[in-house]
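For this one, chain A is given, so just place chain B on it according to the hints.
Going down the list, the protein sequences come from chains A and B. Sequential numbering from 1 applies to the first sequence in our numbering. Sequential numbering from 1 applies to the second sequence in our numbering.
Hints were generated in silico from the structure; no laboratory data involved. Misleading hints may appear alongside valid ones.
Stated by the list, open to error - As a list, the in silico BS3-like pairs of lysine-lysine whose alpha-carbon atoms are at most 25 Å apart:
no.: 1; chain 1: A; residue 1: Lys39; chain 2: B; residue 2: Lys69
no.: 2; chain 1: A; residue 1: Lys170; chain 2: B; residue 2: Lys45
no.: 3; chain 1: A; residue 1: Lys119; chain 2: A; residue 2: Lys187
no.: 4; chain 1: A; residue 1: Lys176; chain 2: B; residue 2: Lys45
no.: 5; chain 1: A; residue 1: Lys187; chain 2: A; residue 2: Lys30
no.: 6; chain 1: A; residue 1: Lys123; chain 2: A; residue 2: Lys133
no.: 7; chain 1: B; residue 1: Lys69; chain 2: B; residue 2: Lys178
no.: 8; chain 1: A; residue 1: Lys64; chain 2: A; residue 2: Lys146
no.: 9; chain 1: B; residue 1: Lys174; chain 2: B; residue 2: Lys89
Predicted model, so just to flag it, every value in this text is computed and none were measured.
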Amino acid sequence: MKKMTLTLVGLLALTASQFATAADYVLDTKGAHAFINFKASHLGYSWLTGRFNTFDGKFSYDAKNVGATQITVNIDATSIDSNHAERDKHLRSDDFLSTDKFPTAKFVSTKVTDKGEGKIEVKGDFTLHGVTKNITIDATKIGEGKDPWGGYRAGFAGTTTIDVADYDFKASWAGKIQLELLIEGIKQ
Amino acid sequence: MLKNTDVQFGLVSTYVHWLSAIMVFSLFAVGFWMVDLNYYSEWYKTAPYYHKAFGLTLFFITLFRICWKLINVSPKELGNNKLEHKLAKVAHLALYGLLLLIMFSGYLISTADGRGIELFSIVTIPSMGELFPNQEDLAGEIHEIAAYTIIAMVVLHIGAALKHHFVDKDATLKRMTKFK
Numbered sequence: 001m002k003k004m005t006l007t008l009v010g011l012l013a014l015t016a017s018q019f020a021t022a023a024d025y026v027l028d029t030k031g032a033h034a035f036i037n038f039k040a041s042h043l044g045y046s047w048l049t050g051r052f053n054t055f056d057g058k059f060s061y062d063a064k065n066v067g068a069t070q071i072t073v074n075i076d077a078t079s080i081d082s083n084h085a086e087r088d089k090h091l092r093s094d095d096f097l098s099t100d101k102f103p104t105a106k107f108v109s110t111k112v113t114d115k116g117e118g119k120i121e122v123k124g125d126f127t128l129h130g131v132t133k134n135i136t137i138d139a140t141k142i143g144e145g146k147d148p149w150g151g152y153r154a155g156f157a158g159t160t161t162i163d164v165a166d167y168d169f170k171a172s173w174a175g176k177i178q179l180e181l182l183i184e185g186i187k188q
Numbered sequence: 001m002l003k004n005t006d007v008q009f010g011l012v013s014t015y016v017h018w019l020s021a022i023m024v025f026s027l028f029a030v031g032f033w034m035v036d037l038n039y040y041s042e043w044y045k046t047a048p049y050y051h052k053a054f055g056l057t058l059f060f061i062t063l064f065r066i067c068w069k070l071i072n073v074s075p076k077e078l079g080n081n082k083l084e085h086k087l088a089k090v091a092h093l094a095l096y097g098l099l100l101l102i103m104f105s106g107y108l109i110s111t112a113d114g115r116g117i118e119l120f121s122i123v124t125i126p127s128m129g130e131l132f133p134n135q136e137d138l139a140g141e142i143h144e145i146a147a148y149t150i151i152a153m154v155v156l157h158i159g160a161a162l163k164h165h166f167v168d169k170d171a172t173l174k175r176m177t178k179f180k
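Isolated chain A (complex conformation) (with noise of 0.2 Å):
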């Protein structure tokens, strides 16, 4: 009996540790509740859209102290897929992603920011192609709760826009790419 106290009472203390600190979460990437898309103008006409396939990443979060969160993904930059192998080709290619020499791409919380009413700025270091740039991530926070599985998850929205110029590409293509991050991730 004494003993069962005992382990209630570390269980207790394991609890309210867990409400102080904020909690981690990792992508669902198993269960593919996690993409990473990209859209990029053609020509100035229309819109291009493709996405990274594979990526794996975690993030700290509280709602009661926004500021401490923290994020880490780390994506297959040989998963991009733009719905065209030649295009996917030429996109992996020396080109542009040099995937050969650079098989990953990274972004790195540095600073995150409450804006309110579910709005956050995450700047981070992105990694691209090798090369480093601090950008930007207007973030949304869309949800948390409890999934029906026994689960605890959370959902954020981020849209930011990087410029190929800044990445080194060799290809003549130029312009702007918007990446979109729609990310859940469950509670460990």
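Just chain B, lined up with the frame of chain A:
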């Protein structure tokens, strides 16, 4: 004379050989040039379109050529150098093998996502789907390496033909250059 004999290539073999030669050089040159085209070049879309269409055409020509070779006699080797005869056979086989490899790998690049390849505006050659992972990248590597290799083999082939003509002074080259 359309068919081959023991001492001479027939007109069909001769014309198909030289047509293939012209197409191989042209396809290589266009392929070499088009991969570095500027995105805003007017050839950016048309060059690959014709490269593929003519590549497919050469594939059908090559299929016919192989069938024709199989149902025809080939002229007998000249000279008595058995090693040279053997090497020539290997080199010719390599040329055919490389041709097929280049054309098939090229087909696999463009059809990796289920899209077919347009043979001019006549017909679209359908895709066989994605046969293996990273198909467009792997097939692309093979296509490129095999293309350079065949050009090296062609240089050897030309060198050997000229050696027969000028050094051995035999009829090897003449047997392939009778156009009527």
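Results for each hint:
no., hint, result
1, A:Lys39 <-> B:Lys69, "52 Å, violated"
2, A:Lys170 <-> B:Lys45, "19 Å, holds"
3, A:Lys119 <-> A:Lys187, "21 Å, holds"
4, A:Lys176 <-> B:Lys45, "22 Å, holds"
5, A:Lys187 <-> A:Lys30, "14 Å, holds"
6, A:Lys123 <-> A:Lys133, "10 Å, holds"
7, B:Lys69 <-> B:Lys178, "17 Å, holds"
8, A:Lys64 <-> A:Lys146, "18 Å, holds"
9, B:Lys174 <-> B:Lys89, "19 Å, holds"
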